[in-house]
Structure formats: structure tokens, C-alpha cells
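Enquirer: Letter by letter, the chains look like this.
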Amino acid sequence: MVNPQHRTFLSQAYILLVLLFLYAPIAVLIIFSFNNLRSTSVWGGFSFRWYKELLQDRQILSALYYTLTIAILSSIISAIAGTVAAIGIHRMHPLARRIILAINNVPVLNPDIVTGVSLMTLFTALRLRLGFTTLLLSHITFNIPYVVLCILPRLRQIPKEVTEAAMDLGATPTYVFFHVILPEIRSAIFTGFLIAFTLSVDDFVISFFTTGSGVNNLPIVVYSMARRGINPKINAVSTLLFITVFCLLMIINKRDANIQKLEV
Amino acid sequence: MRTRASRQTRNLLQYPYILWSTLFIVIPLALIIWYSFTQPVQTGGFQFSTSNYRRFFEPVYLRVMGRSLILAIEATLICLIVGYPAAMIIVRLGLRWRNTLLLLLVLPMWINFLLRTYSWMVLLGRQGVLNQFLEWIGLPPQSILYSRAAVLIGMVYNFLPFMILPLYTSLSRIGKEQIEAAEDLGANRFDVFRRIILPLSLPGILTGTTMVFMPAVSTFVISALLGGGQDMLIGNLIEQQFLSTGDWHFGSAVSILMMVIILISMAIVSVTDKGRSLEEGNLW
Chain A
10 MVNPQHRTFL SQAYILLVLL FLYAPIAVLI IFSFNNLRST SVWGGFSFRW
60 YKELLQDRQI LSALYYTLTI AILSSIISAI AGTVAAIGIH RMHPLARRII
110 LAINNVPVLN PDIVTGVSLM TLFTALRLRL GFTTLLLSHI TFNIPYVVLC
160 ILPRLRQIPK EVTEAAMDLG ATPTYVFFHV ILPEIRSAIF TGFLIAFTLS
210 VDDFVISFFT TGSGVNNLPI VVYSMARRGI NPKINAVSTL LFITVFCLLM
260 IINKRDANIQ KLEV
Chain B
421 MRTRASRQTR NLLQYPYILW STLFIVIPLA LIIWYSFTQP VQTGGFQFST
471 SNYRRFFEPV YLRVMGRSLI LAIEATLICL IVGYPAAMII VRLGLRWRNT
521 LLLLLVLPMW INFLLRTYSW MVLLGRQGVL NQFLEWIGLP PQSILYSRAA
571 VLIGMVYNFL PFMILPLYTS LSRIGKEQIE AAEDLGANRF DVFRRIILPL
621 SLPGILTGTT MVFMPAVSTF VISALLGGGQ DMLIGNLIEQ QFLSTGDWHF
671 GSAVSILMMV IILISMAIVS VTDKGRSLEE GNLW
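Chains A and B supply the protein sequences, listed in that same order.
So for the first sequence, the numbering used here puts the first residue at 10; every next one is plus one.
So for the second sequence, the numbering used here puts the first residue at 421; every next one is plus one.
If you are wondering where the hints come from, they were derived from the structure by calculation, not from laboratory data.
Mixed in with the good hints there might be a few duds.
Covered stretches of chain B, as calculated for chain A (at least 3 residues, CB under 8 Å) [as the list claims (entries may be wrong)]:
no.: 1; segment: 464-476
no.: 2; segment: 499-507
no.: 3; segment: 530-536
no.: 4; segment: 653-665
Okay, the calculated bits of chain B under chain A, using three or more residues with CB under 8 Å as the criterion [what the hints assert, rightly or not]:
no.: 5; segment: 515-527
no.: 6; segment: 620-628
Label pairs and their calculated CB-CB ranges [stated by the list, open to error]:
no.: 7; chain 1: B; residue 1: S592; chain 2: A; residue 2: F30; range: 48 to 58 Å
no.: 8; chain 1: A; residue 1: Q68; chain 2: B; residue 2: L524; range: 17 to 27 Å
no.: 9; chain 1: B; residue 1: L439; chain 2: A; residue 2: A22; range: 48 to 58 Å
no.: 10; chain 1: B; residue 1: L683; chain 2: A; residue 2: R16; range: 38 to 48 Å
Quick caveat, the model's predicted, so the values are computed rather than measured.
The beta-carbon is built from N, C-alpha and C at its ideal position, and this holds for glycine as well.
Here chain A stands alone, though its shape is the one from the complex (with noise of 0.2 Å):
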């Protein structure tokens, strides 16, 4: 039998050597981006130079472009969709509540290549030209669910009684919603909006089939960059969404948020 002691060991180098396959990669990838040289392997001295080449790259400015417009739009809208939504799906008759959280599970649980395709057809459909709008259709219709499975655990919170007791003594609802439940949920609607924020900022899969006309985010660039091969731009531009990413995280993870992201 190893003694404990050794099996301590053991235990740590596993985990260290876990954490270094997870971290490596990204490590070097960031490194890289301050490299001076062309190459992504040998090092040739600390420099922002690819960063400042990403600044005069038209194509890259103006997916970042997109991408805050588009992150910022649907992050808005499907916040404010999906706090109605919300309250009415609270409100509903059980069956139909059953049915309508089943259909809102359907993009976070659908394969994103399934969900890309398909409203890639609907919009065909529709006669949309894929661009600009049919790229923010796309990003609020994903978004909402998550926006709604924010918000529904906030509002079962409430008791009925408040509610009841707030319109008994004379509030209309449109008070009640201003006054009882929006200070309720708050902070569950702005946990959404983060999260909105954060997958609209993330998503390659369904814009790269939901967009058209020269209307591209920073993902679709990258990927189509990383098809023609390596290139240390990419590595800056990879630098920058993981400092964004990370820091939205840091701000979610502060506000405590509790996702219940697969209830029915």
C-alpha cells in the first residue's frame, strides 16, 4: 500500500498537473500577444505592437463595433422582454407554465448550431436580409430564457399576500409592479442583464449563421482569421475578450446571483 504521505503528493501533482492542462494553453496565448515577433512560439522581447496593429485593423474595429452594439441592444431589450415575460409566466395557469418553460428551454438546451440553423430558416423565411437586425433578433431570442430563469426564482420569492394586500388597499397594478415586485427584483433583473451581456459578447455559434452583408462581432473574426491559420493578432484580440469576459464574471460572481438555469 503507497503510505499517506506519498498519496498526498500524489493528489497535488494530479491536481497541479490538471490546473496546467487547463491554464497552459490560454497562458501561452496571452504571452504570445506581447511577443515582438510575427511568431507565436519564439520570443522576441515584450511589445504592444500587435495590439496597436489591432487599432488600425479596420475589419476587427468594426466586429468590436458590433459586437457592444449588438452585447448592449440585446442585453437591454431582453432584460426588460424578459421581466414581463417573466411576471406573465408567473402568473400563468400551471399547465400553460409547464408548456411556455419548456419552449424557453429549448435555446439553452438545443445543440447552438441547431438554434443558428433554424432561425437562419425563419429569417429566409421572413424575407429578412441577414444582417444587422436579424444578428440582434437572434442574440435577444437566446438571451431572454436565460433572462427569465433569472428572474422566476426572485418572483416565487414574493408572497402572494403583498401582492394581495397592496392591491386591497387601493394600489392599480401598475403600482403594484412600480413599487412591490420591481424593488423585489431588482438585482435578479440586473443578474440577467450581466448574463445577457456576457453570452451576447461570447456567441460565435448562432451569429456565424444568423449573420450577413459585412455585418460581423469579434468571434466570427477570429474564427475566420484562426481558419487561414495562426496569427498574433488573433492572440491580442483573444487577450482582450478574456480580460472582458473575466472582469463581467468578477462582477456577477460578486453580486452573489443564484441561476437556476434548467428548472421546469
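Starting from the known structure of chain A, fit chain B onto it as the hints suggest.
Expert: Using the frame of chain A, we list chain B on its own:
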């Protein structure tokens, strides 16, 4: 009066999303199903046909399917073999270390998978870091990028956390008392593992397996970037049909088949575990 007013609001608030989700979730799926069961006819219309599905059973496409399934199964098995000991080690750690390690495992899941995949292009490329290293220690360079092995590495790398987290969840639920009781009754370490730990962690194994298998079987990015587009997977086939070949009918049929595979693997989990650990193992 008041109750009627409130009831009316209730009815009003549910409609926008019913409408939206019908238009953007239900109808698109219905369209895909419709496409998969029709064929254009020369007169300009469409007619019902099962030929798209039958076409899938041609050897070329069966091979694509077989390759996808085998690669996804291999990736899942490697993740399980690598992930299980990792999850067991984490469960035994003290609270502080456990939480730090879990955070470290979750973090890579939030890095865009395109970037995670690209990072392996940097490592495995002809002039990549790995070959520089091999040269440095005096070994001949290897061409791993644009091969089946590279695709497999990419899958394991991308999806390993999806395996470890649910495994951790179910392993952490096993009470110390159960293990101690078995030891008191004279079971050795191997028996404890085989007869207590392994069966009790089965829900985690199943959840982890689906969570690795599902994205692995549906990916087209990993194979396009790391496989160099030589070995086509189901995902690549769908992409090709919709974006270059333009046969949406066949593409839709393949999409439906992919959905069925994924529904089956999800059903297996929800039957065994009633979906509970899936809920917990997700996102975080």
C-alpha cells in the same frame, strides 16, 4: 372591479412572450422539421419526402456520423478517466482549497471556446510551442495540428470542466458515515470505492457524460480549426449544407437527427437522476 382589472393585467403580460417564443423558438424548429421532410419539385413547389433521412444512411454520411460519435465518446471517456480522480481529490480537500480549486475549474468554461480552441493551434502548430520544445530536447518535430488527435485534444480541453463539476457535486454528497461504516465492516479501499463510492457517484458520471458528449457531438468549430476540415463531423456537415452546399432539406434532416441524439442522451440522465444534478452542474 379591482380583481377584474388585475386579472386583465395578468392576461396581458403573458402574451408578448408567448408570441415571441412562438415566432422565434417554435416556428424555426417547425420550419427545420418541415424542410427535413420535403424536397423541391421541378414545378416549383415542395413535396413530402423522406429522402433526406434516407440519404443520411449512405455510407459517406454514416461515416461522418460514426466519426462524430466515436470522437465524442472517446473525448467523454478521457474526460471521465482524467476527471474522476481529480473530483475525488478535490472532495477530500479542506473547505478553502476546495472552493479555490472549483473556481479555477469553472473559470476556463467562461473563456470563449473559440479562443480555447485557437490556443491549441498555437501550441500544436508546425512552428508551435510544442515543436519548439521537442526540438529543444532533441526530438523530431511532430505534426499534430490538423489531425484527429488534435480534434480529440481540443474536445477534452474544452469540456473537461463539464465533467469534473458534476462528478464533484455527486461525490461531495456521499456521507463520510457510509464510507466509515463500510470500513468498519471490513471493506478494503478498493471495495469501498467499487461498492460505495462508484455506485453513489453514478448520477454525477451520467450528468458529466452528457455534458461532455452533447457539445462534443455537435461541435463544428473544433474540427474546423484543429482538424483542418479534413475529417468532417456532423456539425461540419450541417454547416456545409446550410452555408456552402445550400441543401437546406438535407441539412435540416441532419440537424433533426442531431437533436434526437442529444434528446436521447438527456432523457437517459433525467430518467436516472430526475435532472437534479444537471441543474446544479450547469453554468457554475
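Enquirer: Determine for every hint whether it applies to the structure shown.
Expert: Do the hints match the structure? See the list:
Counting residues of the segment 464-476 of chain B whose C-beta lies closer than 8 Å to any C-beta of chain A gives 0; at least three are required, and the coverage claim is violated. Here's how the segment 499-507 of chain B fares: 3 of its residues keep a CB closer than 8 Å to some CB of chain A, so the rule of at least three is met and the hint holds. Check result for the segment 530-536 of chain B against chain A: holds, 7 residues qualifying (beta carbon to beta carbon below 8 Å, three or more required). Requiring three or more residues with a Cβ within less than 8 Å of a Cβ of chain A, the coverage given for the segment 653-665 of chain B holds, as 5 such residues are present.
Counting residues of the segment 515-527 of chain B whose CB lies closer than 8 Å to any CB of chain A gives 4, so the stated coverage by that chain holds, three being the minimum. Counting residues of the segment 620-628 of chain B whose beta carbon lies closer than 8 Å to any beta carbon of chain A gives 0, which falls short of the minimum of three for the stated coverage. A beta carbon spacing of about 22 Å between S592 of chain B and F30 of chain A contradicts the range 48 to 58 Å that was offered as a hint. Separation of Q68 of chain A from L524 of chain B is about 34 Å and departs from the stated range, judged on CB atoms against 17 to 27 Å.
Restraint check, L439 of chain B to A22 of chain A: a C-beta distance of roughly 57 Å satisfies the suggested window 48 to 58 Å. Between L683 of chain B and R16 of chain A the beta carbon distance is about 42 Å. The supplied range of 38 to 48 Å therefore holds.
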